[in-house]
Amino acid sequence: MIINMNARKWREIKQQIGFMAVQLAAVIIFIILGILLYFIFSRGITVISWDFLTKMPEKGMTAGGIFPAILGSFYLTIGAILFALPLGILAAIYMTEYATQGKIIRIIRIGISNLASVPSIVFGLFGLALFVNYLKFGVSILSGSLTLGIMILPVIIRSSEEALLLVPNGFREASLALGATKWQTIYKIVLPNAIGGIITGAILGVGRVAGETAPILFTAATFYIRKLPNSIFSEVMALPYHIYALMTEGSHPKEQKAIAYGASLVLIIMVLGINLLAIFIRNHYRRKKKW
Amino acid sequence: MQLKKKKEKLLEWLFLFFAFLSNILLVGIIIILFKESLPLFKEIKVLDFLLGRHWYPTYDPAEFGILPLILGSLWVTIGSLLVAVPLGLGAAIYISEIASTSLKEILKPVVEVLAGIPSVVLGFFGMVVIAPFLQEVFKLPTGLNALNGSILLGIMAIPTITSISEDCLSSVPRGFKEASYALGANRWETMIKVTVPAAFSGISSAVILGMGRAIGETMTVLMVAGGSAVIPHSFLQPVRTMTATIAAEMGETAIGSEHYYALFGIAVVLFILTLIFNIIADLVAQRFRKRIV
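Protein chains in written order, with my numbering: chain A, 1 to 291; chain B, 1 to 293.
There's no promise every hint is true.
What the hints assert, rightly or not - 20 Å max Cα-Cα, derived EDC-like pairs, lysine to aspartate or glutamate: (1) Lys182(A) / Glu8(B); (2) Lys188(A) / Glu97(A); (3) Lys257(A) / Asp51(A); (4) Lys193(B) / Glu12(A).
Said to hold, decoys possible - Simulated DEER-style distance windows between Cβ atoms: (5) Leu82(B) / Lys9(A): 31 to 37 Å; (6) Lys7(B) / Ile78(A): 28 to 34 Å; (7) Arg286(A) / Ser102(B): 17 to 23 Å; (8) Lys289(A) / Pro39(B): 54 to 60 Å; (9) Lys254(A) / Lys290(B): 55 to 61 Å; (10) Phe280(A) / Glu178(B): 47 to 53 Å; (11) Glu136(B) / His252(A): 21 to 27 Å; (12) His54(B) / Gln16(A): 52 to 58 Å; (13) Leu82(B) / Lys188(A): 52 to 58 Å; (14) Ile31(B) / Lys103(A): 21 to 27 Å; (15) Gly64(A) / Lys45(B): 50 to 56 Å; (16) Ile35(A) / Lys45(B): 46 to 52 Å.
Since the hints were made in silico from the structure, they are not lab data.
Every residue, glycine too, gets a C-beta built ideally from N, C-alpha and C.
Whenever a hint applies, use it, and build me the whole structure from the sequences.
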């Protein structure tokens, strides 16, 4: 009887220890994020001002603002989405509306999944060889946008697919029953009903692209430009690359570090802001849905 | 009517083409990587490239052995798993099995925000916060080393591991757990002996995906791992990964030089490694789906 009691107690204690261990893991992750955000916010906020956001860099990157880097990131991101979104939607339409289960769809899925797993620096080399050197686009907004666009294509395809799948089949059947062709059904019924989800996916893609550095190292980014870019063939400064360059190049580590804090904070706010926007839009469309 | 049908058929072919675009791009990447690295292998043997112990691309004569870089990548990747698996999996178990609904609502976004932090910002954090800390604690000449890289890669891999594992754990059928409770097991015993084993293949697939992420990650390791291309034997030593080598050196090489071809050669190795990780993760995940459904 006593042994029994002890065994039960021991099991009870083991459960307590187990619960505490996994809870500790969750708490540690929470703390890591807290420390990270605390350092970047507390140091970065002292650097950020209106001038910091809107002025050109001065005195060899040791003073002034980061406007060209923000603008460059904006161009690259927009370019990447303009390229990837239409292609991604078209691919997703095939996957959800036309494809029947089978070999073709399996091969396509393998392609999408493996493209998604290619390391970002490999995309950078691909962009360097194909766009910069072979097609002679040079180190430019165009080369960088295409490289980034290819990188997020799998993300866009997947999120668009999910959005299309959420449209109830009854909608399609009703449209077909009224004599509409398949394409008319897709164009007039399925796409308009999936647009909220597609936009959400695209914005999440923007959030990812905005923070990427490796793909633009050799295809678009440069540490310093004298003038703002005036065509898609201009090279640009970009926010993530700027942070990297401030920390690894130049000869005034102390001043550059302060600017890097500010730039990191701007980048984090941008990326998190974009993600929040995506969530907001998703909720907005969800509320509008009538099914 | 005939025309309409033709148009419909044409559109279907068009969509099919775009659906295959990912495959086409993948093949394109493979062709370009090989094309840009093959000239090197006219000069040196593939085995000398893979197993050579010296990476001296700018010496005369230059040496292109990438074994230290491969081992550097594996070293920090394994280190990152030591950080990410206990934390990521523990948090997944906590979120899916123990946490109350309101706690879940806090913890899930925390993981998502962590996933959204750009790698360059993590690298920056590693340089300005973790490096001085490690230098102080271990009395090192520099805090930019394999340990720092492992910690940061681990932080990066946590969201992948946590969110996928959590999905797998919550998709374990309730009947499994109820049967275990009915046999007298308590909640912890049920988790460890029933739920986690049932989700094991899904969790493994999450870990392998996290590994693939870590081995392909560039900016953080470039910024914090220290960058010396020697065969690693300690976590407190600077190491250099394949990704960091490409990122650091491609900017200074002339197109068509041996060095340029060698960097593409590294990319081929990296590409094949991540491909293998991804395929294994896919196969394991399929097994999980078959077992559960």
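Now the hints, each set against the structure:
Only pairs whose Cα atoms come within 20 Å are accepted, and Lys182(A) paired with Glu8(B) is accepted, the gap being roughly 7 Å. Of the pairs offered as hints, the one joining Lys188(A) and Glu97(A) holds, with about 14 Å between alpha carbons and a cut-off of 20 Å not exceeded. Taken as a hint, the Lys257(A) and Asp51(A) pair is honoured in the structure, with Cα atoms around 18 Å apart against an allowance of 20 Å. A threshold of 20 Å between alpha carbons decides the hint, and for Lys193(B) with Glu12(A) the separation of about 15 Å falls inside it, so the pair holds.
Between Leu82(B) and Lys9(A) the beta carbon distance is about 33 Å. The supplied range of 31 to 37 Å therefore holds. At about 32 Å, the beta-carbon gap between Lys7(B) and Ile78(A) stays in the expected band of 28 to 34 Å. With their beta carbons about 21 Å apart, Arg286(A) and Ser102(B) fall inside the hinted range of 17 to 23 Å. A hinted range of 54 to 60 Å for the beta carbons of Lys289(A) and Pro39(B) is consistent with their spacing of about 57 Å.
A hinted range of 55 to 61 Å for the beta carbons of Lys254(A) and Lys290(B) is consistent with their spacing of about 58 Å. Phe280(A) and Glu178(B) have their C-beta atoms about 39 Å apart, which leaves the hinted 47 to 53 Å range violated. The given range of 21 to 27 Å is respected by Glu136(B) and His252(A), whose C-beta atoms sit roughly 24 Å from each other. Range check, His54(B) to Gln16(A): about 54 Å between beta-carbon atoms, so the 52 to 58 Å window is met.
For Leu82(B) paired with Lys188(A), a C-beta distance near 54 Å keeps the hint of 52 to 58 Å intact. Evaluation of the 21 to 27 Å hint for Ile31(B) and Lys103(A) yields a pass: the beta carbon distance comes to about 23 Å. A beta carbon spacing of about 52 Å between Gly64(A) and Lys45(B) agrees with the range 50 to 56 Å that was offered as a hint. Distance hint check: the CB atoms of Ile35(A) and Lys45(B) are about 48 Å apart, consistent with the given range 46 to 52 Å.
The structure does not agree with numbered hint 10 stated previously, though it agrees with all others.
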